[in-house]
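Sequences are here, hints too, so could you generate the full structure?
Here is how the chains run, residue by residue.
There are 2 protein chains.
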Amino acid sequence: MDATHAPGLRSWVESANVPGHDFPIQNLPLGVFSTPGSRPRGGVAIGDMVLDIAAALAAGRLSGAAAEAAAEPTLNRLMSYGQDAAAELRARLSALLAEGAEPLPDLLHPQSAVTMHLPVEVRNFSDFMASRPHCERLGRARNRDNPLPPAFHHLPVAYHSRASSVRPSGTPLRRPWGQFQRDGAVVFAPTEALDFELELAIWIAEENVLGEPTPISAADRRIFGIGLLNDWSARDIQRFEMPPLGPFLSKSVMTSVSPWVVTMQAMAPFMAPLPPRAAGDPPCPAHLHSSRPDAMRITMRAAIQTPRMAAAGIAPHVVTEAPFEEMYWSAAQMVAHHTSNGCNLLPGDLLGSGTVSGSRPGQEACLAELLLRGPIILPSGETRRFLEDGDCVIFTARAEAPGAVPIGFGECRGSVLPAAAWPVSEEG
Amino acid sequence: MDATHAPGLRSWVESANVPGHDFPIQNLPLGVFSTPGSRPRGGVAIGDMVLDIAAALAAGRLSGAAAEAAAEPTLNRLMSYGQDAAAELRARLSALLAEGAEPLPDLLHPQSAVTMHLPVEVRNFSDFMASRPHCERLGRARNRDNPLPPAFHHLPVAYHSRASSVRPSGTPLRRPWGQFQRDGAVVFAPTEALDFELELAIWIAEENVLGEPTPISAADRRIFGIGLLNDWSARDIQRFEMPPLGPFLSKSVMTSVSPWVVTMQAMAPFMAPLPPRAAGDPPCPAHLHSSRPDAMRITMRAAIQTPRMAAAGIAPHVVTEAPFEEMYWSAAQMVAHHTSNGCNLLPGDLLGSGTVSGSRPGQEACLAELLLRGPIILPSGETRRFLEDGDCVIFTARAEAPGAVPIGFGECRGSVLPAAAWPVSEEG
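Listed in order, the protein sequences are those of chains A and B. According to the working numbering, the stretch in the first sequence is residues 1 to 428, in order. According to the working numbering, the stretch in the second sequence is residues 429 to 856, in order.
Watch out, some of these pointers could steer you wrong.
[As the list claims (entries may be wrong)] What the simulated footprint calls covered on chain A by chain B, stretch by stretch (three residues with Cβ under 8 Å from a Cβ of chain B suffice, anywhere in the stretch; the number is not a length):
no., region
1, 157-169
2, 172-185
3, 232-246
4, 343-349
5, 388-401
Derived from the structure by calculation, the hints contain no laboratory data. All C-beta atoms, glycine included, are put in the ideal place defined by N, C-alpha and C.
Right, dumping it as structure tokens:
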């Protein structure tokens, strides 16, 4: 743990020093923001404020290739530079914002006054399935005695997902139409089983040439940072379309990500050993094995607020509190697996961790799993099996470890808009 | 059929007038090329030559937004303009290259002297499964009596595939490592079941806003053009990783596309009605139904040349000759389905048609299907179950219809390089 993590370190931005804030000076996540009438550009979250990196460069308070890349309208170039550049930038930002440095209020914007954008141009998005309880709970419907996919213990199971429909937190989701089975017939109708999946977003650093794997020994260096991801899922559409090629339109409706990228430098105090494999599990394959502490001590939460709750001033209700630390496969193992066939990962590519369900009740990280214990009962007295129009889903998370100042991730939120009328005449 | 298709139309580029040439003046496919020491830019294939669109603009022989977009290092902007722009450009190119117009040899480069590049920056790639015989042959291993996926007759089954590993014809494929089952154990080794899949590449025009489907009535306008696509597949890796999320590393090794984009304007004479559904099939869903002639009269061929054949001067051996016209779902239906959940397709996005297998012997469009009748016997006396190191796979195709000058697609080719040694120490 270097000086940028020191628990006593405080910022001249007072809100950053409030205990329990998501964005103390020990965090310094990067994102892309705009103010009214200005173009999107890079910023760093500090307390309730955003430091304008382009303004800091113009004022001579920052310099160098990493800061210049961090000021751009996307962070792809910064991510192409890799972790050393991110570490150097972090040290400069920490010095600039630390208590004792000259306060520079002109470089700040209140977070409440800015619009946050996608932090990168997402070129490719792959989604994993790395929680054993998630797979077991949902797999039991298919095969009671053998609920896990055959490859589960051998590799982090994943599929290519859709890059074009990734959107930043706050973008509403239009309930999609799709085909599914209802009362024995196949219908084309608005989904009746709209779900969220609470996941971690993993942002890729650097690029490997097609045909050249990134071995597990170097795979941690390919992770630039992390955030929150809602892999919105239409379960009825998914069930019908999935065999044998996997999920398609059930997932490409939209994927929401939180706008702040928490760097792996900020995550250093929160890394932990992977949980040991259970007695009966096969050993981890050698090309995916690492003794690095690649697990992350993050508690992730999903909350729901219905329109009636909002109208009554009832706060979002936490329906899930899940431990990312218990995931069966690490983000580094996902990178090593993904590139093991030579597939090239590009700077700013996005990996989804898969639904972060824990093994205990209350740790089910999607409605399909929660529903196995019955519909959710909300503080308004309403119940939910799946999401209804107007419902808002809010993800938050917190990394905590002994001796470290906890950090947060901001929010990943989205509301459900009613389905549109089917747009047009159907005969071409 | 407009004047640009007239069978009597000839070009001042003599090689374009050779009967049976892939690139007569009735074709005029677009691509991106470079000459030694120069930057990639747009061109049009005419006979054995490439017309340099940037040079034609500079010489005042072409003008306008479409021609300017077609001169860029990728065709994405031209594709964003849609089919009307492509039609206008086609008319100008046809007039410029027609017999009787002033010959402009300074604007031409021999195709043999240029390097072809990817025609677009591929942002998203989705791969379909639209041949009933392909699904039936390979599905019988899973379920003898019910080999088709449950959704097959209701929608064109598809999965999101990998955009970053799409490469132009001629790029060699490095045999990938992966995990698969061998003699009851899971091993990590170079694939032992490397296959090709003969597919059509479908290039998307224009963009629909996320949440706004493109109805079937407008879906044909979203197809800019077509080419050939080899969806290289590692069958052993695929079999192990596929349940339940679909193919992943078995497909993202590499995908090859032919460099020339045959526009839908060039395809006009070769459009035909979709084959009628069989008596027992459910009807086509209304939102995917069209009476437009959206099928395409294309015969597609896959050939193999082993190193021994090449050394002995034996030509590539055609192992498949498949009728694209028989595909169960049209490209327009793929677009309508893909956007039916509101998913946004971007200009230059790539759709793969899926393996174009016909129902008759000799029309199996991948080795996994061909192998059901036994190993292939090559003219050299060699046999093949799957591809071996050094083997070259060459796709060609031809659109033909009564009264129209046939057109071709050029080649989509790739050779197999031996697997690399596993790169590095495995402990992180």
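Problem - chain B covers the region 388-401 of chain A, three or more CB atoms within 8 Å, holds or violated - result: Per the Cβ count (0), the hint is violated.
Exercise for the section: Between the region 232-246 of chain A and chain B, see if three or more residues pass the 8 Å beta-carbon test, and mark the coverage as holds or violated. Expected result: holds (count 9)
Problem - Whether chain B covers the region 172-185 of chain A (at least 3 residues having a Cβ closer than 8 Å to its Cβ atoms) - result: Coverage by chain B holds here, the residue count being 5 at a Cβ distance below 8 Å.
Handout entry: Verdict on chain B covering the region 343-349 of chain A, criterion of 3 CB contacts below 8 Å
Key = With 5 residues in contact (Cβ-Cβ under 8 Å with chain B), the coverage given for the region 343-349 of chain A holds.
Practice task
Between the region 157-169 of chain A and chain B, see if three or more residues pass the 8 Å beta-carbon test, and mark the coverage as holds or violated.
Solution key: holds (count 10)
Violation of the numbered hints given earlier is confined to hint 5; every other hint is satisfied by the structure.
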